[in-house]
Amino acid sequence: MRIPRVYLDQALATDAKIRLTPETSHYLIRVLRLPVNAALKVFAGTGGEYDAKIIQADRHTVTIELGTFTQKNNSSPLAIHLGIAISKGERMDVVMQKATELGVTSITPLFSERCEVKLKADRMEKKLSHWTKVVASACEQSGLNLLPKVNLPTQFCDWVRMVDTDLKLILQPATDKPLDRFARPLSVSLLIGPEGGFSEVEVAQALNARFQPLQLGPRILRTETAPLSALSILQYLWGDLG
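Residues in the sequence shown are numbered from 0 upward in steps of one, following our numbering.
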């Protein structure tokens, strides 16, 4: 059986005894049915992980003790910053989850001209907290110990001006230049639009900011499929897939 992994948003140290939240305790004792002395891996999302074990458990609460620390991250050598227009419903959650599994370094949700999602300040904070939990859960599952940074939603025009990486790509059916003709980058910005795509003005803004147009193939991909396909290709060419 694979050793369960638990993300804790707090400072960790060897020999520390930690009482877990009701939600995490429920998952360990009710869903996974782990007994006292069961082994765990625990990480804080800032790098490395701890061996741990359950030292006390009742119907509602689990207490663990941390053991040896290992500096292990499983991070890709390619730093990818994903800028993606906010989509409705669960599609954004899917992108956050799968992009994390594919080794993205940071994610910035974007407001673009054809983006149908509007977030006021209170909803924005709730969304950011929710997306961070989605990313943390994906790290638990995939073996990552460094959480991708989920940035506050940003206006498209602001993001394309400020993002700074070796290679900047906008998913846009306007080129036949294959990715393997670019010089090998250490960092990439990947820009993905909403369901209706970017406007002509936005495309021009991105190109003026030195984004290179990228076309993945002859078919039009959904907004939740496109970033995952692109990320897989980038990791295959310059990261750690394949």
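Just so you know, these hints were derived from the structure itself, not from any lab.
Please note that a few of the clues may not be correct.
Cβ-Cβ distance ranges computed for the label pairs, FRET-style [as the list claims (entries may be wrong)]:
| id | residue 1 | residue 2 | range |
| --- | --- | --- | --- |
| 1 | Thr45 | Arg209 | 26 to 34 Å |
| 2 | Pro21 | Glu199 | 50 to 58 Å |
| 3 | Ile232 | Thr13 | 36 to 44 Å |
| 4 | Val30 | Asn72 | 22 to 30 Å |
| 5 | Asn36 | Pro172 | 26 to 34 Å |
| 6 | Gln154 | Asn36 | 28 to 36 Å |
| 7 | Lys87 | Val30 | 25 to 33 Å |
Cross-link-like lysine-lysine pairs, in silico, PhoX-like; alpha carbons within 20 Å at most [stated by the list, open to error]:
| id | residue 1 | residue 2 |
| --- | --- | --- |
| 8 | Lys52 | Lys87 |
| 9 | Lys126 | Lys87 |
| 10 | Lys52 | Lys71 |
| 11 | Lys52 | Lys97 |
| 12 | Lys148 | Lys71 |
| 13 | Lys40 | Lys87 |
| 14 | Lys126 | Lys148 |
| 15 | Lys71 | Lys87 |
| 16 | Lys40 | Lys132 |
| 17 | Lys117 | Lys97 |
| 18 | Lys87 | Lys117 |
| 19 | Lys71 | Lys117 |
| 20 | Lys148 | Lys97 |
| 21 | Lys132 | Lys148 |
| 22 | Lys40 | Lys52 |
| 23 | Lys71 | Lys126 |
| 24 | Lys87 | Lys132 |
| 25 | Lys40 | Lys16 |
None of the values given here were measured: they were computed from a predicted structure.
C-beta: ideal position from N, C-alpha, C; glycine also.
Are any of the numbered hints broken by this structure? If so, which, sorted upward?
5, 6, 8, 11, 13, 15, 17, 19, 23
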